[in-house]
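Numbering-wise (this note's numbering), the first sequence opens with residue 1 and increments by one.
Just so you know, not all the hints are guaranteed correct.
Only pairs whose alpha carbons sit at most 25 Å apart, straight line, appear in this in silico SDA-like list of lysine to any residue [unchecked claim]:
hint: 1; residue 1: K373; residue 2: D341
hint: 2; residue 1: K76; residue 2: T145
hint: 3; residue 1: K373; residue 2: S394
hint: 4; residue 1: K61; residue 2: E281
hint: 5; residue 1: K223; residue 2: T72
hint: 6; residue 1: K236; residue 2: L221
hint: 7; residue 1: K388; residue 2: H398
hint: 8; residue 1: K82; residue 2: G92
hint: 9; residue 1: K335; residue 2: N299
hint: 10; residue 1: K101; residue 2: K35
hint: 11; residue 1: K156; residue 2: L283
hint: 12; residue 1: K390; residue 2: H404
hint: 13; residue 1: K61; residue 2: W305
hint: 14; residue 1: K447; residue 2: L361
hint: 15; residue 1: K370; residue 2: L283
hint: 16; residue 1: K223; residue 2: K390
hint: 17; residue 1: K61; residue 2: K101
hint: 18; residue 1: K35; residue 2: R266
Computed spacing ranges between beta-carbons, pair by pair [what the hints assert, rightly or not]:
hint: 19; residue 1: K240; residue 2: G218; range: 38 to 44 Å
hint: 20; residue 1: E66; residue 2: R409; range: 56 to 62 Å
hint: 21; residue 1: D280; residue 2: R409; range: 38 to 44 Å
hint: 22; residue 1: H203; residue 2: T363; range: 56 to 62 Å
No lab work stands behind these hints, which were simulated from the structure alone.
Heads up, the beta-carbon is just placed ideally off N, CA and C, and yes, glycines get one too.
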Amino acid sequence: MITTRFAPSPTGYLHIGGLRTALFSYLWAKHNSGKFVLRIEDTDRSRNNEDATKAIIEAFKWVGLEHDGEITYQSKRDEIYKKYIDRLLQEGRAYRCYMSKDELDAMREAQTQAKERPRYDGRYRDFDGIPPEGIEPVIRIKAPTSGTITVDDGIKGKIEFNVDDILDDFIIARSDGTPTYNFVVAIDDALMGINSVIRGDDHLSNTPKQIVVYEALGFALPKFYHVPMIHNENGKKLSKRDGATDVMMYKEMGYLPEALLNFLVRLGWSHGDQEIFSFDEMLALFNPKDINKSASIYNTEKLDWLNAHYIKNSSNDTLAKLLEDYDLLLSSHDKREILLDAIKDRSKTLVDMASQIKEILDTPDSYDEKAVKKAFKGEAKDILKDFKQKIESSQELHLPSDYHHMLERVVDEREIGFGKIGQPLRVALVGKMGGPGIDTIMSVIGKDETVARIDNILATV
RNA sequence: GGCCCCUUCGUCUAGCGGUUAGGAUCCAUGGUUUUCAUCCAUGUUACAGGAGUUCAAUUCUCCUAGGGGUCACCA
Numbered sequence: 001m002i003t004t005r006f007a008p009s010p011t012g013y014l015h016i017g018g019l020r021t022a023l024f025s026y027l028w029a030k031h032n033s034g035k036f037v038l039r040i041e042d043t044d045r046s047r048n049n050e051d052a053t054k055a056i057i058e059a060f061k062w063v064g065l066e067h068d069g070e071i072t073y074q075s076k077r078d079e080i081y082k083k084y085i086d087r088l089l090q091e092g093r094a095y096r097c098y099m100s101k102d103e104l105d106a107m108r109e110a111q112t113q114a115k116e117r118p119r120y121d122g123r124y125r126d127f128d129g130i131p132p133e134g135i136e137p138v139i140r141i142k143a144p145t146s147g148t149i150t151v152d153d154g155i156k157g158k159i160e161f162n163v164d165d166i167l168d169d170f171i172i173a174r175s176d177g178t179p180t181y182n183f184v185v186a187i188d189d190a191l192m193g194i195n196s197v198i199r200g201d202d203h204l205s206n207t208p209k210q211i212v213v214y215e216a217l218g219f220a221l222p223k224f225y226h227v228p229m230i231h232n233e234n235g236k237k238l239s240k241r242d243g244a245t246d247v248m249m250y251k252e253m254g255y256l257p258e259a260l261l262n263f264l265v266r267l268g269w270s271h272g273d274q275e276i277f278s279f280d281e282m283l284a285l286f287n288p289k290d291i292n293k294s295a296s297i298y299n300t301e302k303l304d305w306l307n308a309h310y311i312k313n314s315s316n317d318t319l320a321k322l323l324e325d326y327d328l329l330l331s332s333h334d335k336r337e338i339l340l341d342a343i344k345d346r347s348k349t350l351v352d353m354a355s356q357i358k359e360i361l362d363t364p365d366s367y368d369e370k371a372v373k374k375a376f377k378g379e380a381k382d383i384l385k386d387f388k389q390k391i392e393s394s395q396e397l398h399l400p401s402d403y404h405h406m407l408e409r410v411v412d413e414r415e416i417g418f419g420k421i422g423q424p425l426r427v428a429l430v431g432k433m434g435g436p437g438i439d440t441i442m443s444v445i446g447k448d449e450t451v452a453r454i455d456n457i458l459a460t461v
């Protein structure tokens, strides 16, 4: 059984990069009929924030990722960590260090000056004298002093770290007794049965430290998968300043969750040439071994295309329901199907879709100058009047095809091209060029509104 | 700076010693469309550089360059 986790620190909204690692973790767990759990890393109380946890859960809900079991909060596990710290202390695998922060800083400064790697010198490692007064010690773990630590990464392969150039006896508990990150991560992952750790490769250099903890405590190592970063257009780690990185912003902008997930799953992962993945397909096909080794640049062009694709392939019921979140109520509209069928092929986002629909439903309050100039040449007004009279005297006008026949009659009788009536009529109906077929528009708004809009433009132009 | 990772079209990627280096997106052109969009077709564009190994390197090894990540009593 595979158990994976997503372990954000609650400092803000759910980041798009976080969602991708969460998705990868979820897919790999569920692909193996395993568990995907959520752990909130809130050991730093000063930076902790409850709203952030809610925001993460809300975003998970929107995209349809569900975690198994209860959420684990590190802030509630102090006892557990304390127990392991005491154990390490007793076993002599960890020790108290009475060096003050100032002393430490000074030492680091000197080391940097001397072009040495800043590191703790281990001065209290074997200390058994009388501790200095007035100093609350930190607890340091006895890390190996020589040799190598190998991370067998599921994405990057075997990576060897030379202990001498990366390790020192790092702090596992602060002077106030609270445990530090690399320590609690290892403990929690081990205790929660996480056997596949999928996370950003910015954690790669932490991994040796965590391995030291695993080994000191005698825990079995999980399989690590370090997923390459997502970069911004400048090739740097994607951060909050790079525009839309909040997952919920994508909802606001009118993206469908399935489009966003499809987009994210293809960022760094692939399955041959396949671009479109339903959630079930992701589940069936995802494997971290197919994750790329290199970082990818975040560019939403393809997201727009995917979103348009998913809109096109959504049922009208689904769309109508979704559009309610964008201030568009269509449930009572008798031509809903015709309308949605016409608009969904031409929308990139739900926001876009809602505004296109409003452009049809709402009587135009102004006319695009260029369009008017182009359409109202020669006998355009006459033609419009003619058409108006024809539909006014007609009883059976419902479907687009009904209106289409009326258009054809005018075109035939007057021996003109379709454009001669199409263009002025289009401007009358929506105030500008572009949009779905005019017969469709007329069918949707109905005969009375069509007549009214023609009257309007005849009076203004 | 030390350590680690990475490098195929602008972007996302396929490739796992022998390919006209494929797909998608974007862009351009043409067709369809009364318009716009969709859709369809076509097209431009890539193996960072240099050494090796090999009959043969995009593919394996090394070096260089470039990019990124990380070096806390943050997570």
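Here's how the hints hold up against the structure:
no.: 1; hint: K373 x D341; verdict: violated (31 Å)
no.: 2; hint: K76 x T145; verdict: violated (33 Å)
no.: 3; hint: K373 x S394; verdict: violated (30 Å)
no.: 4; hint: K61 x E281; verdict: holds (20 Å)
no.: 5; hint: K223 x T72; verdict: holds (21 Å)
no.: 6; hint: K236 x L221; verdict: violated (31 Å)
no.: 7; hint: K388 x H398; verdict: holds (15 Å)
no.: 8; hint: K82 x G92; verdict: holds (15 Å)
no.: 9; hint: K335 x N299; verdict: violated (37 Å)
no.: 10; hint: K101 x K35; verdict: violated (42 Å)
no.: 11; hint: K156 x L283; verdict: holds (22 Å)
no.: 12; hint: K390 x H404; verdict: holds (12 Å)
no.: 13; hint: K61 x W305; verdict: holds (24 Å)
no.: 14; hint: K447 x L361; verdict: holds (13 Å)
no.: 15; hint: K370 x L283; verdict: violated (51 Å)
no.: 16; hint: K223 x K390; verdict: violated (75 Å)
no.: 17; hint: K61 x K101; verdict: violated (43 Å)
no.: 18; hint: K35 x R266; verdict: holds (23 Å)
no.: 19; hint: K240 x G218: 38 to 44 Å; verdict: holds (40 Å)
no.: 20; hint: E66 x R409: 56 to 62 Å; verdict: holds (58 Å)
no.: 21; hint: D280 x R409: 38 to 44 Å; verdict: violated (50 Å)
no.: 22; hint: H203 x T363: 56 to 62 Å; verdict: holds (57 Å)
When the structure is compared with the earlier hints, violations turn up for hints 1, 2, 3, 6, 9, 10, 15, 16, 17 and 21 and for no others.
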